[in-house]
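Trainee: Please build the complete structure, drawing on both the sequences and the hints.
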Amino acid sequence: MNKELTKNFASGHSACAGCAFPTIVRTILGESPDPVVISNATGCLEVTSTLYPYSAWKTPYIHSAFENASATISGVERAHKILSKKGKAAKKIKFVVFGGDGSTYDIGLQSLSGALERGHDFLYVVYDNGGYMNTGNQRSSATPYGAATETTPTGKESFGKVEMRKNMMEIVNAHHIKYAAQANVAYLSDLKKKAKKAFETDGPVFLSVFSPCTNNWKFPTSQYVNIAKLATETNFWPLYEIEDGKYKINWATEKPKELEEFLKTQGRFKHLFSEKNAPVLAEMKKIVKDEWQSLVNKTEE
Amino acid sequence: MCSCLPSQSDYNEEKLIIRFETTRLDSRRPLVEARQANVIRIYENILNNSNKKRIALSGGAAAAEALKQLEPDVMAVYPITPQTTIIETFAKFKADGEVATEVIEVESEHSAISACVGSSAAGARTVTATSSQGLALMNEILYIASGMRLPILMIVSSRALSAPLNIHGDHSDVMGARDTGWIQIFSENAQEIYDNTIIGMKLAEKVRFPVMAIMDGFNTSHCVENLEILPIEKVREFVGEFVPEQSLLDIENPVTFGPVALQNSYFEFKVNQEEAMDDVANEYLKIAKEFEKLTGRKKDIFEAYQIEDAEQVIILAGSTAGTAKDVVDNMRGQGKKVGLIKINLFRPFPRKEIIEALKNVQSIAVMERAISSGTYPPFYQDIMTGLFQFGEKKNMQSIIYSLGGCDIFAKDIEQIFNDLIANKISNEIKYIGI
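Top line first, the protein sequences correspond to chains A and B.
Using the working numbering, the first residue of the first sequence is number 1, and each one after it goes up by one.
Using the working numbering, the first residue of the second sequence is number 1, and each one after it goes up by one.
Since the hints were made in silico from the structure, they are not lab data.
We treat Cβ as the ideally placed atom computed from N, Cα and C, and that holds for glycine.
It is possible that some hints are incorrect.
What the hints assert, rightly or not - Footprint (simulated), chain A over chain B, 3 or more residues, beta carbon under 8 Å:
hint: 1; region: 72 to 78
hint: 2; region: 118 to 124
hint: 3; region: 136 to 146
hint: 4; region: 243 to 250
Mentor: Written out as structure tokens, the structure is:
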């Protein structure tokens with residue numbers, strides 16, 4: 001594999017074929033001007049990259065637990081602050097957290113909030129696959145309305161998840177951080193630009209990256225980029241930035257594709273195409289439309 | 001001050017004095033009356049020897065003083081009563097520019113210990129402090145800190161656990177953490193928590209295990225006493241510089257901390273960790289001897305008080321030892337052969353040494369400030385295991401006392417000795433003070 005591409009995260013990890021996060025990790029870390037130290041929450045990325053006696057990490061890495069990756073990097077960052085002052089560590093190091101949506105939206109939310117509020121100089125990256133995929137596809141607060149998971153299965157009295165996704169970008173923005181952006185593995189040049197900007201910004205910064213899961217969204221391994229692309233083309237996953245509180249949409253089209261084009265590619269939404277679930281599909285389309293409009297309104301504020 | 005201090009109005013003058021009588025720690029030292037529980041430096045008196053300085057501090061402030069002297073790189077803390085005396089005192093040191101330490105005021109104890117894991121893995125000298133619910137909330141990460149062999153020092157002002165809520169002292173919190181792979185050292189008074197903070201830091205960095213230096217919440221953390229402190233340079237020389245074997249900040253030599261270890265390696269990791277724990281008592285003793293040379297204060301894995309010809313012995317840990325020593329002295333005056341073993345190092349447990357010390361003893365009462373629900377409390381279990389293992393048959397009474405800060409009086413301890421003398425010993429756990 002390309003040496004430059006794998007300088008931080010090697011080939012030979014055990015992530016699924018067709019998984020998005022190796023690309024996300026390499027693309028983001030490739031934009032760092034300085035050496036990086038990683039704190040990783042428990043999850044797919046962690047278990048597939050650090051199976052003893054092997055490690056895919058060619059840069060310093062720590063995994064502590066599920067909910068504390070942000071608190072862990074807080075300690076590393078402050079240790080660096082004092083040890084570099086004492087001449088015991090390199091002056092320039094970047095600190096990056098990787099967590100899935102479970103460790104970001106749910107169990108690690110407090111730890112993330114604390115670290116953002118304290119203003120540590122670090123980049124938090126959530127690779128968002130909309131559920132607890134490492135434990136076999138349970139719902140998280142990032143699971144979309146209508147999606148079937150193992151804990152929100154479809155059935156005679158169920159159409160999948162009843163609740164809307166939590167709006168993590170808004171939560172993060174409420175911490176007055178200088179830069180937060182939503183990106184997508186299918187748009188690498190956009191992701192690169194955002195990673196570069198994140199690394200150039202002092203203080204805490206946040207990237208939310210769309211990361212399809214072949215196993216639990218149920219699609220062929222060859223399709224993750226196509227499906228990710230459809231998520232943005234249907235306005236299900238807009239690409240945007242919040243810089244000093246100002247919203248900017250990075251990709252838009254006059255005529256977004258119909259949401260069905262995204263949904264029909266995945267087994268987790270298969271049930272929405274039955275006659276019985278027509279109202280659910282209609283509601284889902286309404287949610288996406290409303291959220292897009294709300295985002296557009298914010299860019300005009 | 002925080003609202004959780006024992007309010008003066010809760011005690012009439014007479015009771016207040018009794019309270020301090022019962023919690024006083026060394027009868028041979030004048031007790032300075034505690035009006036405010038935070039740092040009150042009543043006097044500073046440089047003795048003829050420049051190695052020592054006499055000062056009056058609460059236990060919490062004494063721990064903070066020791067922390068200032070060993071100057072950690074990072075301290076991550078979250079406030080909880082009765083730990084606040086430590087972190088408030090330290091915060092003032094920081095505000096006055098007396099320490100360079102990076103203090104991280106995290107949003108929970110879980111994050112406090114998590115930040116410590118990050119900081120220690122990054123090669124920084126790292127400390128924290130907590131109590132009670134805070135220690136319980138840290139529990140998950142305590143195992144991670146010891147499993148990664150990170151030399152974090154934690155000062156604990158030990159306190160009861162909810163429910164019902166109680167902010168006062170007992171050992172429930174630290175006993176709940178006794179199997180987490182941390183070294184645990186108990187302290188009797190302000191002097192000892194000062195000493196154990198310094199010893200604990202050096203020990204942690206020597207053996208690469210995290211250490212809890214424990215004092216009794218309120219009884220020690222909030223009572224002002226006289227103690228001797230060392231000059232700062234002596235402490236720094238004693239503790240030395242922390243040189244980590246591996247660090248997250250060593251970019252040239254990248255290390256993966258906290259990998260996945262499956263059936264083929266996990267067990268081996270844990271056994272290796274336990275084998276390393278077996279050496280800790282020896283290292284503790286070496287450091288204790290060095291410390292003794294520096295200060296003249298004898299340190300051991302436990303303190304044997306009037307034990308040589310003792311027939312009846314009480315075993316306990318923490319601040320009650322002061323009162324118990326008074327009782328031993330009084331009863332010795334009456335010709336009764338009683339003695340005391342005060343446990344200092346509890347994890348790893350010095351089973352062999354304690355059983356050796358008990359060889360000629362007829363009967364024992366083990367006094368504890370914790371319940372191990374559904375069975376006997378921790379000290380009793382460990383000592384009974386030791387007695388059986390070494391073929392020593394002794395009559396031993398299990399006693400639980402002072403949960404949630406409930407008072408214990410000299411007369412209670414005297415009664416316990418008298419019961420031992422009269423062979424009133426049963427397999428039932430005795431609860432004193434209810």
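Trainee: Which of the listed hints are broken here?
Mentor: Checked against the structure, no hint fails, so every one of them is satisfied.
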